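Here the structure of chain A is known, so what remains is to put chains B, C and D in place on it, guided by the hints.
Number of protein chains: 4
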Amino acid sequence: MNRFPDRLLNGYRNFMSGRYVEQSARYRALAETGQKPKTLVIACCDSRAAPETIFDSGPGELFVVRNVANLVPPYEPDGQFHATSAALEFAVQSLKVTDILVMGHGRCGGISAALDPDAEPLSPGDFIGKWMGMLKPVAEQIQGAEILTQAERQRALERVSIRNSITNLRTFPCVRILEEKGRIQLHGAWFDISRGELWIMDAATGDFKRPSE
Amino acid sequence: MNRFPDRLLNGYRNFMSGRYVEQSARYRALAETGQKPKTLVIACCDSRAAPETIFDSGPGELFVVRNVANLVPPYEPDGQFHATSAALEFAVQSLKVTDILVMGHGRCGGISAALDPDAEPLSPGDFIGKWMGMLKPVAEQIQGAEILTQAERQRALERVSIRNSITNLRTFPCVRILEEKGRIQLHGAWFDISRGELWIMDAATGDFKRPSE
Amino acid sequence: MNRFPDRLLNGYRNFMSGRYVEQSARYRALAETGQKPKTLVIACCDSRAAPETIFDSGPGELFVVRNVANLVPPYEPDGQFHATSAALEFAVQSLKVTDILVMGHGRCGGISAALDPDAEPLSPGDFIGKWMGMLKPVAEQIQGAEILTQAERQRALERVSIRNSITNLRTFPCVRILEEKGRIQLHGAWFDISRGELWIMDAATGDFKRPSE
Amino acid sequence: MNRFPDRLLNGYRNFMSGRYVEQSARYRALAETGQKPKTLVIACCDSRAAPETIFDSGPGELFVVRNVANLVPPYEPDGQFHATSAALEFAVQSLKVTDILVMGHGRCGGISAALDPDAEPLSPGDFIGKWMGMLKPVAEQIQGAEILTQAERQRALERVSIRNSITNLRTFPCVRILEEKGRIQLHGAWFDISRGELWIMDAATGDFKRPSE
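Chains as they are written, first to last, in the numbering used here: chain A, -1 to 211; chain B, -1 to 211; chain C, -1 to 211; chain D, -1 to 211.
No wet-lab data here; the hints were simulated from the structure. Note that the structure is a prediction, hence the values are computed from the model and not measured. Be a bit skeptical, because a hint or two may be false.
Identical chains share a label here; the pair holds if one copy fits it or two copies do between them.
[What the hints assert, rightly or not] With a straight-line cut-off of 20 angstroms between C-alpha atoms, the simulated SDA-like cross-links for lysine to any residue are: (1) 34 <-> 120; (2) 207 <-> 176; (3) 94 <-> 3; (4) 134 <-> 193; (5) 36 <-> 3; (6) 34 <-> 2; (7) 34 <-> 194; (8) 134 <-> 30; (9) 207 <-> 150; (10) 36 <-> 51; (11) 207 <-> 194; (12) 207 <-> 26.
Isolated chain A, as found in the complex (with noise of 0.2 angstroms):
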């Protein structure tokens, strides 16, 4: 017989007793006015690092696409379905957010996927495989770096994939057009889990670093 997860369940109930209670309003005047959030974070589906928690955000205040490695692909106006350019036009255009942050973190199962040349298909339609593909010309060049260690090589990758996305963000038009005009802003940022450090993307270097105390 099918149920509903109990740990959902209690989780919800908290919920309702708890955040909810206080916040209550705050929810009515979201569902009446709508969503006017400011930012637009691109993150990772891990399951240790949600924007909601790292930035304690409450209701109304972050859009939120969330897929395997927060990757961002290029601008392709095709005819295909596009998860994460469809949220991102969205938020752009509809919603008008002024911030885009792309959030990557570390032991990232995807990164190391796509660091594993020898990496076998989870399954016959291997869309792992192929949605880290998007990394491919990047991740050969960090593969190459045998001098460096396996740890070494991921936390490399993440970052590096961060830049990536935020250069293919800027392959879009209306995010390209409204950077320009000093409307929008791009950022980056990296998410250590074991220590809960947040480093911060220095937009003119692309260098990571923790934001001073």
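Relative to the frame of chain A, chains B, C and D by itself:
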């Protein structure tokens, strides 16, 4: 000058001085051992419906895909990038989740666009138009029900779309096989932003009901 | 007129009226019995990374070689002067240290020079060019990783160079034999000048990690 | 199992909770702007004679080479690795130090080896033997002074060697030219471990004297 948003930085500092302090051991353990979430949630990008908030869940609990209108496309093993299928494959084959939840919500902008036959493309790429086109066969049936009010058609499509995504989940061989073996369960839920209510889909009938208190 | 710098003289007077007063018995004993340090540190000349400061160590604790970029050359039993090899031999064979630490640091000027293929010689003798040429085989691999930022390549080589020096330590028969007998251990560490953080090399993987609090 | 020494880890924690707290702004500034030390110190590896301790100096003050017996070899622009010459070149040409101090000390093990004509090689490579061989011409003259006690010969060579290193410093064209222009000064000092006394070389006569109080 590009500047990381203060609201995010302040939120992050709240996280570090609050929830992270409480759960630092858990974060460290999750970094060491890797994630082992039991649940895949397919949710909407909407800023008012974050699964971690609604299910009051901590790090390591939910593997979360978020796209506009929480859609699952049908199985298409072609050469394209498929964000949602890749995440599904990873969750089922690699993480071996035991439950998949498709979670919709009220006042969904994507569903609203799918019901508007005169919707203008948001950009020349028309990514939202194409993405929501995935619902065209069912959206047309709802549009034809002119006896319903607009709000009723919206709520109807929000729920029909959840059932449609669950049907599409079963086109993935790995999901169908594991469901038949009783090793995975598929769930639907719908969240009422205004009242904070969670409505759970009855697997047998497809009806949505509030859980008893 | 040649004049001994006041800043050194004043510093020396601080030492005499401060730390020396506290530790005069220890200095006297160390003069009588000779030094018996347990640790050889191979560190950089950099003015921001003195081992005695970073390890808060007192007289008699650390036997310290300092050269540009904390390099260990490979074993070369020829007729030349080998400052580092001589210190290594003395520490291991005569002082019988139990631990050897190669300690690098961030923003190292020597490493920076090793990564710059167009660096001009600092003088006709080009001593820095030749000295850092010891890293040429590994530096070239890092230079090739053009997908990394300059700061990322710098940090990568700072760490690769530590591992390289540890590899070179093992080319010295006395080190290799004592390590095999379990009488000596080799360590790597990297110091972040800006934040004061010490990152310790995992001997098994070569990765650098901060010690847990 | 390889284990980072607790004594170093505890010392580092003392540094972080003590001196680093006081000087974190200085460390950050030194990381941002780079080091600008005014003094190059050529000192011995001996664990009882760390220049930063004896001159009570903070981060950024001293650029420090340490080799066995604080030797400076003569200028040899060949193809070899020269640790000390490379550091000298870097300090003078790149950092533009204004003072170079050769600092010896009492009871120096390297000097003691240089005075022992029957010293056995410490290892087949005989690196110490070759390194101290740099002093052979002056050591033989001291050995011949049989009227002196062994301790007197030791102290004599410790001081002769400092003068010899200063002579060698002047074989480097960049040092000689800058000294002639009055832009760099060369100093000698000798540290008495037992009493904590610093003896400073008189540049005109070569004599070592204690500074007046």
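Here's how the hints hold up against the structure:
Taking the closest pair of Cα atoms, residue 34 and residue 120 come within 20 angstroms of each other only across two copies (17 angstroms); inside a single copy the shortest separation is 39 angstroms, beyond that limit. With identical chains, the CA atoms of residue 207 and residue 176 are never at most 20 angstroms apart, being 26 angstroms at best within one copy and 40 angstroms at best between copies. Taking CA atoms no more than 20 angstroms apart as the test, residue 94 paired with residue 3 passes between copies only; the shortest distance there is 16 angstroms, against 37 angstroms inside one copy. Taking the shortest alpha-carbon separations for residue 134 and residue 193, neither the intra-copy value of 29 angstroms nor the inter-copy value of 35 angstroms comes in at or below 20 angstroms.
For the homomeric pair residue 36 and residue 3, the shortest alpha-carbon distance between copies (10 angstroms) is at most 20 angstroms, but the shortest distance inside one copy (33 angstroms) is not. When the C-alpha separation of residue 34 and residue 2 is checked against a cutoff of 20 angstroms, the pair qualifies only between copies, where the shortest distance is 19 angstroms, while the shortest distance within a copy is 32 angstroms. Taking the shortest alpha-carbon separations for residue 34 and residue 194, only the inter-copy value of 18 angstroms comes in at or below 20 angstroms, while the best intra-copy value is 28 angstroms. Proximity of residue 134 to residue 30 under the C-alpha cut-off of 20 angstroms is found in neither arrangement, the shortest distances being 45 angstroms within a copy and 27 angstroms between copies.
For a Cα distance limit of 20 angstroms, the shortest separation of residue 207 from residue 150 qualifies both inside one copy, at 16 angstroms, and across copies, at 11 angstroms. Proximity of residue 36 and residue 51 under a CA criterion of 20 angstroms is satisfied in both settings, with 17 angstroms inside one chain copy and 19 angstroms between copies. When the C-alpha separation of residue 207 and residue 194 is checked against a cutoff of 20 angstroms, the pair qualifies both within a copy, at 14 angstroms, and between copies, at 14 angstroms. In this homomeric assembly, residue 207 and residue 26 come within 20 angstroms of each other (Cα to Cα) only across copies, at 13 angstroms, whereas the closest approach inside a single copy is 38 angstroms.
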